[in-house]
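Sequences are here, hints too, so could you generate the full structure?
Protein chains: 2
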Amino acid sequence: MRQHDIDGFYADLSALDTDAHLLLDYRIECTGNPRVAAAHLASEQSTAQWQRMGVDEDYRPRFAAKVVDLEVETTLSGTSYPLRPAVDEPVSVCRVRLAHPYANFGPRIPNLLSAVLGEGAFFAPGIPVVKLLDVTFPDAFLAHFDGPRYGLAGLRDRWHIHDRPFFFGVIKPNIGLDPAPFAELGLAAWRGGLDIAKDDEMLADPAWSPIAERSRRLGAARRLAEQETGVPKVYLANITDEVDQLIALHDMVVANGANAVMINALPVGLSAVRMLRKHARVPLVAHFPVIAAMSRLPHFGVHTRVLTKLQRIIGFDVIIMPGFGPRMMTPEDEVLECIAACTEPMGPIKPALPVPGGSDSAATLATVHQKIGNPDFGFVPGRGVFSHPDGPTAGAASLRQAWAAIATGVPVAEHAEGHPALAAALGAFG
Amino acid sequence: MRQHDIDGFYADLSALDTDAHLLLDYRIECTGNPRVAAAHLASEQSTAQWQRMGVDEDYRPRFAAKVVDLEVETTLSGTSYPLRPAVDEPVSVCRVRLAHPYANFGPRIPNLLSAVLGEGAFFAPGIPVVKLLDVTFPDAFLAHFDGPRYGLAGLRDRWHIHDRPFFFGVIKPNIGLDPAPFAELGLAAWRGGLDIAKDDEMLADPAWSPIAERSRRLGAARRLAEQETGVPKVYLANITDEVDQLIALHDMVVANGANAVMINALPVGLSAVRMLRKHARVPLVAHFPVIAAMSRLPHFGVHTRVLTKLQRIIGFDVIIMPGFGPRMMTPEDEVLECIAACTEPMGPIKPALPVPGGSDSAATLATVHQKIGNPDFGFVPGRGVFSHPDGPTAGAASLRQAWAAIATGVPVAEHAEGHPALAAALGAFG
Numbered sequence: 019m020r021q022h023d024i025d026g027f028y029a030d031l032s033a034l035d036t037d038a039h040l041l042l043d044y045r046i047e048c049t050g051n052p053r054v055a056a057a058h059l060a061s062e063q064s065t066a067q068w069q070r071m072g073v074d075e076d077y078r079p080r081f082a083a084k085v086v087d088l089e090v091e092t093t094l095s096g097t098s099y100p101l102r103p104a105v106d107e108p109v110s111v112c113r114v115r116l117a118h119p120y121a122n123f124g125p126r127i128p129n130l131l132s133a134v135l136g137e138g139a140f141f142a143p144g145i146p147v148v149k150l151l152d153v154t155f156p157d158a159f160l161a162h163f164d165g166p167r168y169g170l171a172g173l174r175d176r177w178h179i180h181d182r183p184f185f186f187g188v189i190k191p192n193i194g195l196d197p198a199p200f201a202e203l204g205l206a207a208w209r210g211g212l213d214i215a216k217d218d219e220m221l222a223d224p225a226w227s228p229i230a231e232r233s234r235r236l237g238a239a240r241r242l243a244e245q246e247t248g249v250p251k252v253y254l255a256n257i258t259d260e261v262d263q264l265i266a267l268h269d270m271v272v273a274n275g276a277n278a279v280m281i282n283a284l285p286v287g288l289s290a291v292r293m294l295r296k297h298a299r300v301p302l303v304a305h306f307p308v309i310a311a312m313s314r315l316p317h318f319g320v321h322t323r324v325l326t327k328l329q330r331i332i333g334f335d336v337i338i339m340p341g342f343g344p345r346m347m348t349p350e351d352e353v354l355e356c357i358a359a360c361t362e363p364m365g366p367i368k369p370a371l372p373v374p375g376g377s378d379s380a381a382t383l384a385t386v387h388q389k390i391g392n393p394d395f396g397f398v399p400g401r402g403v404f405s406h407p408d409g410p411t412a413g414a415a416s417l418r419q420a421w422a423a424i425a426t427g428v429p430v431a432e433h434a435e436g437h438p439a440l441a442a443a444l445g446a447f448g
Numbered sequence: 019m020r021q022h023d024i025d026g027f028y029a030d031l032s033a034l035d036t037d038a039h040l041l042l043d044y045r046i047e048c049t050g051n052p053r054v055a056a057a058h059l060a061s062e063q064s065t066a067q068w069q070r071m072g073v074d075e076d077y078r079p080r081f082a083a084k085v086v087d088l089e090v091e092t093t094l095s096g097t098s099y100p101l102r103p104a105v106d107e108p109v110s111v112c113r114v115r116l117a118h119p120y121a122n123f124g125p126r127i128p129n130l131l132s133a134v135l136g137e138g139a140f141f142a143p144g145i146p147v148v149k150l151l152d153v154t155f156p157d158a159f160l161a162h163f164d165g166p167r168y169g170l171a172g173l174r175d176r177w178h179i180h181d182r183p184f185f186f187g188v189i190k191p192n193i194g195l196d197p198a199p200f201a202e203l204g205l206a207a208w209r210g211g212l213d214i215a216k217d218d219e220m221l222a223d224p225a226w227s228p229i230a231e232r233s234r235r236l237g238a239a240r241r242l243a244e245q246e247t248g249v250p251k252v253y254l255a256n257i258t259d260e261v262d263q264l265i266a267l268h269d270m271v272v273a274n275g276a277n278a279v280m281i282n283a284l285p286v287g288l289s290a291v292r293m294l295r296k297h298a299r300v301p302l303v304a305h306f307p308v309i310a311a312m313s314r315l316p317h318f319g320v321h322t323r324v325l326t327k328l329q330r331i332i333g334f335d336v337i338i339m340p341g342f343g344p345r346m347m348t349p350e351d352e353v354l355e356c357i358a359a360c361t362e363p364m365g366p367i368k369p370a371l372p373v374p375g376g377s378d379s380a381a382t383l384a385t386v387h388q389k390i391g392n393p394d395f396g397f398v399p400g401r402g403v404f405s406h407p408d409g410p411t412a413g414a415a416s417l418r419q420a421w422a423a424i425a426t427g428v429p430v431a432e433h434a435e436g437h438p439a440l441a442a443a444l445g446a447f448g
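Quick mapping for you: the protein sequence lines, in order, are chains A and B. Using the numbering used here, you'd call the opening residue of the first sequence number 19 and step up by one each time. Using the numbering used here, you'd call the opening residue of the second sequence number 19 and step up by one each time.
Hints are supplied without guarantee of correctness; some may be wrong.
[Said to hold, decoys possible] A few chain B residues that face chain A, going by a derived Cβ cut-off under 8 Å, partial list only:
{"hint": "1", "residue": "Ser64"}
{"hint": "2", "residue": "Asp74"}
{"hint": "3", "residue": "Ser289"}
{"hint": "4", "residue": "Ala290"}
{"hint": "5", "residue": "Pro316"}
{"hint": "6", "residue": "Phe447"}
These are computed hints drawn from the structure, not numbers from a lab. For each residue, glycine too, the CB sits at the ideal point set by N, CA and C.
In structure tokens, the structure reads:
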């Protein structure tokens, strides 16, 4: 681009209608002049050609994404990650903020993704390494989205869970177990104090555990547990399946007694979940497969907070995400940012319940609670409940006993002395 | 895992029912013992817990993914890509082939993605860096999928395009232009010899170019071009939108005269496209936003050939992909592998038409043809047609003139001497 061409992709944010623009924060590693590279980033994702041959016109003022901030942080002798074909020249590391006029695509998830993570972002000339760090949505854009039907506060009311975390458990063995013993495990855990017994994200509708039969058995077990305990219990059925099956599966499992449904968000597709949200009559729970494939590297792909925000906007009440602990290979600040993306104010969109997961048990509850700083989270052990040495009832009880200690300021290990389920959990998982 | 536990995740491929397994090829960088890491990779994506507490059972023989090949290629002092949290220990670079019994999830795209690119792949203990390089599908699995309705041969018959590449053109300016002049540009290009005039992947259904009006105008222009030229012409409408709009949009644009539809595959979701395939009555064309976010790094994420295969299986007739040329930042061998993934034999699934794209014009056609080695491809300039100095008719003609030279073994530059459109294209883009 010539100098005048480049200038057409720059603007002062204060001169733009903020209701009409998304703010996109990218970190880029660019060759050549950063000002030119940032202009390409804006151009390629909006009006890559802004006039016809031989016509005196310019589509940039109305339609171009504009660079509203550009900071060169440092220069490197080459890209942070070796690429093929190799980039054998110095690169500038920059933060770029774009204001993108969303009337170009409207409040549509697939078109939004195409704009901010498409050819424009990843094939802009001179920008071989790029990560979309954040998207800020004006309320006028958010107003087109339903967000969570229940949200965090609604779930607390619906499930009678107050002033404490939500206790989930992934029924294990996750693959191979018949529905009848699977339901027995759920029942045992509910009896011990579990709130939500859930299918593993890999367990959907296989021949050896048809979801019709599984949801009938778990629905019945859930109602029995409610009768016995006098409090609401939740069976969270994984209805991850082909898009044209989602609504029918929702209706079937709900009729059978499931009172929440899980969808693997990216594998099914965010837009398909937005469709389901219009129909669903129980809380929607997101699981996170595929997200790490585009978010783990610090400087490439998309930050998990962006995908967390999108999951909230389209209507998930609960967002399960990689949590604390070394197995989840996620920095603590990133987990906290994703939790904030669930709960922070977002115009008309309700807060969602964040569920940072991974290798948890009664032994990790105090640490997780301390890191988050409040009880507005879900806690989702698998083995920590279902491989408890004394079985799932004791496994679930160990969580409630650990919380009782935390809530009253007693060290968990000390509280274990009079509470065998907790003591056994600390012995097995601590 | 203990030694005996690990052994349960290994098998000889010759002892397995090949019809019942997908073969998954991963490249991993693992800490510790590679044999243990590979067992975790298999375990986490299948039966992460294979027995209940206190029950003598083992779900691994039937349900576990099995390591059928493990090769340690080299060791490194740390991961290829710096991570957060950092991995400060040596890693082994390994190729791992797993055989995954797909009855665990069935012939469902979302559940397949969850298995091969989910928590199992990206959160297996000791494997911070992983890339899914390939998936091999047995015919018994593929038999559940429709694949392309027309496929490469069907498109040649339908569109009367034989013994040469398919000439696409992206109408530009892509963003901001009203439907009436947009249709004039398409008509001009068809008159010059373009086969398929297409919407940009960022142009869908904005207020300033409603797809209803655009498809009416382009449909009429397309029919006029067919009358004038006596050959089939194609208007490829981009119907990328929310999932619950796809079928209605398909029906509307086809009624208006569009005779192919484009969907941004990952943004809309592969499963949603599979749904559309059951309904669609015109060829389906894939565009590639988001794919680079999980595929560009040589050693992380997923190889583009896997996503190309999936797009073919679910029913795309045409797959637009990053092509040759430095702007597309894709190694030549990878482009060729994706082209092969479109056209190589695949059981009951027809070949799709590969369209490697990016900054093409009459000046690059000979090189692209030479690299591919045959004319079974689509060629998709934007500026190369619509920014031709003499306008889109000359831009399209320049492609046909370049092909005439190539087909008869005449150097393109030599052929340009008697062909002004080609000469102007070489001058502008060469």
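Verification of the supplied hints:
1. For Ser64(B), the shortest C-beta to C-beta distance to chain A is roughly 6 Å, which falls under 8 Å, so the interface hint holds.
2. The beta carbon of Asp74(B) is not positioned within 8 Å of any beta carbon in chain A (closest approach about 13 Å), and the interface hint is therefore violated.
3. The closest approach between the C-beta of Ser289(B) and any C-beta of chain A is roughly 4 Å, which is under the 8 Å cut-off, so the hint is satisfied.
4. For Ala290(B), the shortest C-beta to C-beta distance to chain A is roughly 5 Å, which falls under 8 Å, so the interface hint holds.
5. Checking Pro316(B) against chain A: minimum C-beta separation of about 5 Å stays under 8 Å; hint holds.
6. Because the beta carbon of Phe447(B) sits about 13 Å from the nearest beta carbon in chain A, more than 8 Å, this interface hint is broken.
The structure shown violates the earlier hints numbered 2 and 6.
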